[in-house]
Amino acid sequence: MRSGLERDRRDFLKGSLLVGTAGVAPPAAVARAAGPAARPPVAALPPTQARAQAESGPVNVSVEDGAPIIVNPGSDLMVDMLREAGVQYVAAMPGSTFRGLQESIVNYGGNRDPELITCVHEEISAALAHGYSKVAGKPMACLVHSNVGLQHASMAIYNAWCDRAPMMVLAGDGLDAATRRPWVEWLHSQTDLGVLVRDFTKWDDTPVSLQHYAESFMRAYEMSCTPPCEPVLLVVDLDLQERSVPDPKAIRIPRRAPVSPPAGEPAALAQAAAMLLEASRPVIVADRAARTPKGMALMVELAELIKAPVIDKGGRMNMPTSHFLNQSGRQGELIKQADLILGLELTDLYGLVNDMPDLPEREPHSLVAPAARVVAVSSTYGYFKGDVQDVQRYYPADLTIAADAEASLPGLIDALRRQMRPEHRAAAAAREAPLREAFGATRAKAADDAARSWDSTPISTARLSMELWERIRREDWALVSNTAFLGQWPQRLWDITDHHQFIGGEGGYGVGYGAPAAAGAALAHRSAGRLPVAIIGDGDLMVLPGSLWTLAHHRIPLLIMVQNNRAWHQETMHLQRMSCRRNRGAETAPTGTLLSDPDIDYAQVAKGMGLWAEGPVEDPDRLGAVIERGLAVVKDGRPALIDVVTQPR
Amino acid sequence: MSALACGGNPVMRALVAACALFAAAPAHSRTTAFSPEAVHRRALYRSKGCYECHDDDGQGARGVAPAIAPAPLGRDDMEAYVRHPAGVMPPYSARLVSREDLDAIYAYLSSLPHGPSAAKIPLLARFVEGRSAAPPVPAGPGRQRSTAADLAGRQVYGRACGACHGADLNGGIGPSLRTSTAARSAAGIAAVIHNPPRDMPRLFPASLSDADVRAVATYVASISGR
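Heads up: the sequence lines are chains A and B, in that order.
Each residue of the first sequence is one higher than the one before, starting from 70 at the first, in my numbering.
Each residue of the second sequence is one higher than the one before, starting from 5 at the first, in my numbering.
Here chain B stands alone, though its shape is the one from the complex (with noise of 0.2 Å):
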């Protein structure tokens, strides 16, 4: 439709120039596909209303909106909480958002580059020079190390939890887990994700299992040091 179709109607012109900023090419960046299902996708994250708290590439805004790109949480986890936010995020509805309008969401986002790391920006480097992407798993005496428990514990953390509590544990939306939960137990994490507080997401049953729980609060509890 064009501008000239709406007349003087305002919001059918503002819906026009919505649509045409949403869809409009080129792509973020330098890496993404040109495709016309990309940019459907895109546009559909954008004219949701998506970008305008998690920003254009899904990276999140300080205050605002935590990271969701490229796709932290599972299809199911994001549709769950699509539908019933924490915070301030508003309810998306299925009449709002179909699972078809999901789907091509998330898509887009699992589409998303991560981009340079910090250390490969020169303006960026001297911040992150001598410091290791990834959490250390400590091993003190007599704590036994079970690499697979170890592992599995952190790709549940990847999945559920970086996005807010930041890949290193150190924060982000959400507070850092290297203090606010070092005087936590296992169990006492375990217990926080059961009953999460006001502005967290509940991702048991529906998106994270007994096993699961278990394994992420073993994790989190060895990097605070109990």
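Next up, chain A with everything else stripped away, as it sits in the complex (with noise of 0.2 Å):
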């Protein structure tokens, strides 16, 4: 026994399965197996535990061969319930607190429906279930282990709160004191799990039942999927897992209950749509609107209605970027000028229209017209959190309606088209031709920025999203990374027409989201046999690059394009600013931001990984050929990488 203890977590028990075997068996089972006349010693649980204890019977209730099996496990029901909910993949890291849930989903549910998705880091499993939840359109389950596995994943955990992406967090735990060995199962375990995560999960529960882990548990599949959509988390304890259930049935399993998301209430919507009509220059600003396909085609519906532009800030695909009413590019002067501002789901309404430069003294000042009024629509207005900040700095709207942007569009468009009249329509109908102008010249603009710089080494931003886009535009393609230090150019300067095109960024700005979101999202697009690619900065490879492990392993088609600049640019910028202000020089700012010396070879990386790759790419001319050749595997159903290096932005 002594050589397991010294072991690490994950090492495998031998042997202690057996009843009688000293500090293993619970101690009502001992007593059951010994007769009424013994009496259990204390255990160290809540209340529930005699409901728990009935449950379950002894550990060992069947004897094949001579040797005493364990039947009907309790995590066999879990997989039942990750059925029920159609959880199709599951993220691990192993770890033995869900050793019991992991060997049922392998055996009892012959690992498909849900299929393991094995990743070398927790933060991998909970960014790939991010990425994962943007595309499928549902959340997808990960497993951590206790409370270091949680505190692994809970980086990424908050990039999907911040993004308002569902996902299912199951942490094993050992909850039983009195069942705990000692030593590493002390170390990992917690009798608060969901303190580590409370104040970015939506809910969160510890079950000490089975027939209560299955209540919570479709509970907390709602909850994720209700809007506004956030992580939930559930500790599934190990004794639960591995305890056998005498009788299944009696396990009641609640059936799916989806529920209907919040939509505006009507009154509220009849006044916003007042509120655009008696607008001269109304502008649409739109970041989470769409969360489905329904609601790009909702977004479009109703900025063709009243002719308003529609700026795209890009947390998820709301509008089209070939359409002539994304005028996302004029974001400044449309702010501006705007009398009237229709917000839908935005993450910073006060950043819209204030600005506060990173100087010294940090003054806001306003960027709106003082006549300018706001109508913001966010279903955030009726949850949030206080300790963490992602809620951003208040602003009082004029009208604030705390609903779901998407399931609140069908209700704004009724109620413009009941109350506008011919001078409305003529109204917007005026707008379309200088609108039309405006886009094509901005996009001119782009094409002449993007010509700048076109021929040089380093390669620079523009000419390598736009060798990619001609080799993936005719495809049924889907960029599943983010673009604002790209320059953004995929939005400037490529038609992405559908929802499912762009999934927008890490939310909470946590970097690592890239590469692990990717393959989340990737593996989305697999069932559907699309053709997803990925620019990923290096610094952000960096953080996680065992997900390409997980690509390969898995072979999860997925082209990434590593936009090599050798730096963390921001934080380099950042220490410029400093250096500058102390009038200490520029020189320096680089010192703890350069990603070089030695450079890192990122081909050598992923083939070490198991992926072609190709790179590093210093030559723009020979940047076509070789994304080529990535395609070529992709399409094959291998992933990619090439390395790029590139000019800063």
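Keep in mind that the hints are not guaranteed to be accurate.
[Said to hold, decoys possible] Which stretches of chain A does chain B cover? Using the computed rule of at least three CB atoms under 8 Å from a CB of chain B, they are:
{"no.": "1", "stretch": "166–180"}
{"no.": "2", "stretch": "263–273"}
{"no.": "3", "stretch": "391–403"}
{"no.": "4", "stretch": "508–520"}
{"no.": "5", "stretch": "614–622"}
{"no.": "6", "stretch": "635–642"}
{"no.": "7", "stretch": "655–661"}
Rather than coming from a laboratory, the hints here were simulated on the basis of the structure.
Glycine included, each C-beta is placed from N, C-alpha and C at the ideal position.
Hints given; two lone chains; assemble the complex.
Here's what the structure looks like:
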């Protein structure tokens, strides 16, 4: 026994499942085996332990060929619950606190629906689930090993929280102190696991019986999927997983009960419609408005009805980039001129209408005309937390509607149609021609900007983006990475027309999201036979490079292009500001922000993890051919990586 | 100084690595000469951190910094702005970047070729097809055209305004002047130049004379239809 205790938390302990082995069998089970006269020792469990013990029988309930076996372990029922909820994948780095559930997924469930996705870090597990959910439109699960695994996963859970993405986090834990083996099992147990992530999950629970687990699981799933969609946490007790269930049919697994999302109250939507129609220069600003493809269609319908320009902030794909009413490139002047701003699921309303430059005095100033009015629609007005600050600075809109934007759009459009009079239609019609001209001019300017440095080495981000675009635009493609540090060239020059073609970014701007989220999104695209591509910064990739192994291991087709500018340039600029303001020189700004000396060979890293890879590519004229080779690999069903040495932005 | 000579000092290692990175050939584009002077100028542009925001070829980056190549501002205009920038650009005192350094950086920026036009790049041509690169000079009834005045206005605009407001006045780091000034007369536009908003450089009177301001204001007003 001592040899088992000396191993790390993931060692499998042999021979510990037999009744009578000291310190392992639940005391109550030992008591039942010994006869009704024995008094069980006091168990250090919450009051509902009696129910838990009533649900489960002794550890060994059957004997086969002389060997005791456990039949109907509780974790088999947990797999049934995953299936009832429609969870197709469970991401996990293995951990002993969920060994029961993992075994049930593989052997009871046949490792299909759900399928186990093996990851080398819990943050990868959670970020993968984050990316997946934005394509699949539903959550997957990630299994984490008690407190140590949950802490690893917490960065990615926070990103998902900020990004309003659903996720089922299942954390193994040994709740009963009386059945914890000494040393490691105590280091990896926690009385209240939820406290680690409670401020950035929507709900958490620690069920103490299987019936409790079943009901909490289904509640957690529905809460995660109800706007504002957020991660949820369920603690999965080790004993609940491993004990036999005498009568599995006695555990009632609730059916799915989807919750209808909150839609705007009709009078409020009517008021919003009236305000939009009164305006001469209305502007629509959308961030996470389109949760589904239907949401994007509704955005187009709304914008076309009143011929209002749309600024797409890119939290999701809200407005086709090739539509003339997508005027995202003119945000500054449109906001300045607007007399009515309609904000739909905005991350930061205050930051949209105010600026606070990064200057020593940090003085805010308004970006809107004094008489401009603001209508804000978001499900987060009805739900947010007090500790984490993703809620952003307070801004009192003229009309605030606590409702899901996508669910509210049909009512808003109906209200507009009812209230529109000929003069409103004429005013809208008059906006069309200038907006079409402005759209064309904005795209032409973007093309002119892209032409600068076209032939340069290091390769410009514009060249990188357009060479890739040329080779995917005729395919059923999807971009599964953020573009904030890429000059937003895809939004400026690609024709992004479908909702699934862009899924936004990190949410919480936590570095490391890129590769694992792309892997999760690509996993979801795989079943649809799409061609996913990602452009990921070198610094971001280096946080969780182990994501590449998961791509290779699970044969997830994805083309990753590394935007290798050999530094954390955002941070270099920050250091530059500090040193210049202090009159100490800009030459030292790269100290601590360069990713060179040595230059990381990302192609070698990727090959080492089982990917096809080429690079570093420094000649822009070589890019096209390399991309074509990479895409051929991806179309063959495998992941590929191309290392491209680029300019900073 | 070699990396070995730096020993384990991380700051010195970073400086050496940065200098090697900054001074490295090959040149950034096919047409830039590799003379020692050119290499030195490029190295200065990078070591002073200019490339971080304005990118390797001074082409700028959306939402970060405007294009500054090929040298759209005059040499003295550039120095005035570098010493007292508007917006979030950090100030560079003479201690941080000397006049001689600025001469070299300005020469580097001036040497950068404009590069191919979008119309000649197959991946970009469709966005500019049918669109004129030069902004039109409208001539309406009752409007007296003075070719010399228009030309003067255009020249001032190209020198002092185009980097931020776009060569075609459609905006960039700065707003579009086709729409944002549509309600302003030439006198109103001149007033903005005299008293610029917080993010706009103050070019009058150091860089722009009264005549320059009148010329460019008249030019911009004519574009926006006033």
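Is the coverage entry for the stretch 166–180 of chain A by chain B consistent with the three-residue Cβ rule at 8 Å? Contact hint for the stretch 166–180 of chain A vs chain B: violated, 0 residues under 8 Å.
Between the stretch 391–403 of chain A and chain B, see if three or more residues pass the 8 Å beta-carbon test, and mark the coverage as holds or violated. It holds, with 3 qualifying residues against the three required.
Checking C-beta pairs, does the stretch 614–622 of chain A have three or more residues closer than 8 Å to chain B? That given contact is violated, which follows from only 0 residues of the stretch 614–622 of chain A lying within Cβ reach (below 8 Å) of chain B.
Closer than 8 Å, Cβ to Cβ, for at least three residues: run that test on the stretch 635–642 of chain A against chain B and report holds or violated. It holds: at least three residues are needed, and the stretch 635–642 of chain A offers 4 whose Cβ sits within less than 8 Å of chain B.
Is the listed coverage of the stretch 655–661 of chain A by chain B valid when you require three or more residues with a beta carbon under 8 Å from a beta carbon of that chain? holds (count 7)
Is the listed coverage of the stretch 508–520 of chain A by chain B valid when you require three or more residues with a beta carbon under 8 Å from a beta carbon of that chain? Our answer is that it holds, as 12 residues pass the Cβ test (under 8 Å) against chain B, meeting three.
Stated coverage of the stretch 263–273 of chain A by chain B [criterion: 3+ residues, CB within 8 Å]: violated (count 0)
Comparing the model with each numbered hint stated earlier shows that hints 1, 2 and 5 do not hold.
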